[in-house]
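Trainee: Sequences are here, hints too, so could you generate the full structure?
With the sequence shown counted from 1, adding 717 to any position gets you the numbering used here.
No wet-lab data here; the hints were simulated from the structure. Do not take every clue at face value.
What the hints assert, rightly or not - Here are the simulated DSSO-like pairs of lysine-lysine, each with C-alpha atoms no more than 27 Å apart in a straight line:
1) Lys841 - Lys776
2) Lys1047 - Lys1016
3) Lys841 - Lys781
4) Lys975 - Lys1016
5) Lys1072 - Lys1061
6) Lys1046 - Lys1061
7) Lys995 - Lys975
8) Lys1046 - Lys975
9) Lys810 - Lys747
10) Lys1047 - Lys995
11) Lys995 - Lys984
Stated by the list, open to error - Ranges of calculated distance between the beta carbons of each label pair, as one might list FRET restraints:
12) Gln1013 - Glu1044: 15 to 25 Å
13) Tyr1076 - Lys995: 54 to 64 Å
14) Lys975 - His1007: 16 to 26 Å
All residues carry an ideal CB built from backbone N, CA and C; glycine is no exception.
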Amino acid sequence: MQIYAIPLLFTGIIAIALAIFSYRYPSPYKVYFVFLMLAIADWSFGYAMELASIEPTAKLFWTKIQYFGIVSAPIIWLAIVLQYIGRGKLITKRNLILLSIIPAITILLVWTNDMHHLIWRDIKLIQKPFLLLDFTYGSWAEVHTVYAYVIVLLATFWLIHTFINSYHIYRKQAGTLMIASFAPLIGNALYVFDFSDIDLTPFGFLISGIAIAWSFLRFHLLDVMPIARNALIENMRDGVIALNKYCHIISANPSAQKIIGYDKIGKSIDELTHIHPKLADYCHNAQEMHEEITLQNGKNYEMHLTPLYDGYNNLIGYLLILHDITERKKAEEELRKAYEKIEKALEREKEFKLKTAHYFLNKLARNPLPLGWG
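Mentor: What follows is the structure, given as structure tokens:
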């Protein structure tokens, strides 16, 4: 076996392991990551077998096998990005069918290339550091290459836009996905422009998979899209806290951090028992909560915990809003005291009138007017 095939075999094995890991991971979006890893595994194993084979016919067969992963990886990657940026509703059956038209045609043309040569116009066996197939690509191969680049670049553009407009921890998430997006592009560019004798794209996608898997553990990346990121702006007076589906604090604006503390990002809602003893219970049971609370600093807040769902009714996290009602409570208290004063004044006035009436009635009873007076 060619020594260059060994790293590709390891790439395929790691991709399979990541697919198994993500399948067992409780995420509503895991299916896209599983399919991406399977596409990478197909690409890597197929490429490894191509390099390891000696006969041109066998090499060409394994090249064709790779195309199942080659044509599907960009579309799956786009689906992952769309889910992340909150545009999951665009991933409809209709749109997936439309996106799959060119890849499906490419697969058909790959396996029938001898009839039309639209994928490869000429195939030669050359000796470099190892035996390689040297392809002269046909017109449809160029169509597919441009299409794949457009798909990946579109996903990358959305990630850059999300990175620029994200708040705090979401920039780390978006940055991780940007690394994952650029890695296969760089690997493919090195191969296309003859900087490498072997296609480095599978290795690039492996880097993507590892980056995403790391984000699973670090940020719960696919559990939480950028929850309410437009609401988490620095000058908001209300405290706004975003939590993932496991009730871990993902982000908090400055107002919220003043309330809960500056070291709570990434920690469980169980750390917020000082706000309300039953807050964690409501979160873990995916229940809405609306309470008025008074904290140790003497301030009053209207607290509202709301579960968040995606377009498929999957729980993706929670939004906890702490609205400062201290001034309102003070005004209500002053109004209550004023009302009590008025009530007491009215009570005193009533009591005075009763006493006055009682006094005159008693006096009249003791000194009645003489008959015929007038």
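Trainee: The structure should be examined with respect to each hint, and the outcome stated for every one.
Mentor: Results of checking the hints against the structure:
no.: 1; hint: Lys841 - Lys776; result: 11 Å, holds
no.: 2; hint: Lys1047 - Lys1016; result: 10 Å, holds
no.: 3; hint: Lys841 - Lys781; result: 15 Å, holds
no.: 4; hint: Lys975 - Lys1016; result: 12 Å, holds
no.: 5; hint: Lys1072 - Lys1061; result: 16 Å, holds
no.: 6; hint: Lys1046 - Lys1061; result: 22 Å, holds
no.: 7; hint: Lys995 - Lys975; result: 21 Å, holds
no.: 8; hint: Lys1046 - Lys975; result: 20 Å, holds
no.: 9; hint: Lys810 - Lys747; result: 18 Å, holds
no.: 10; hint: Lys1047 - Lys995; result: 26 Å, holds
no.: 11; hint: Lys995 - Lys984; result: 17 Å, holds
no.: 12; hint: Gln1013 - Glu1044: 15 to 25 Å; result: 18 Å, holds
no.: 13; hint: Tyr1076 - Lys995: 54 to 64 Å; result: 58 Å, holds
no.: 14; hint: Lys975 - His1007: 16 to 26 Å; result: 22 Å, holds
In terms of the numbered hints stated before, the structure departs from none.
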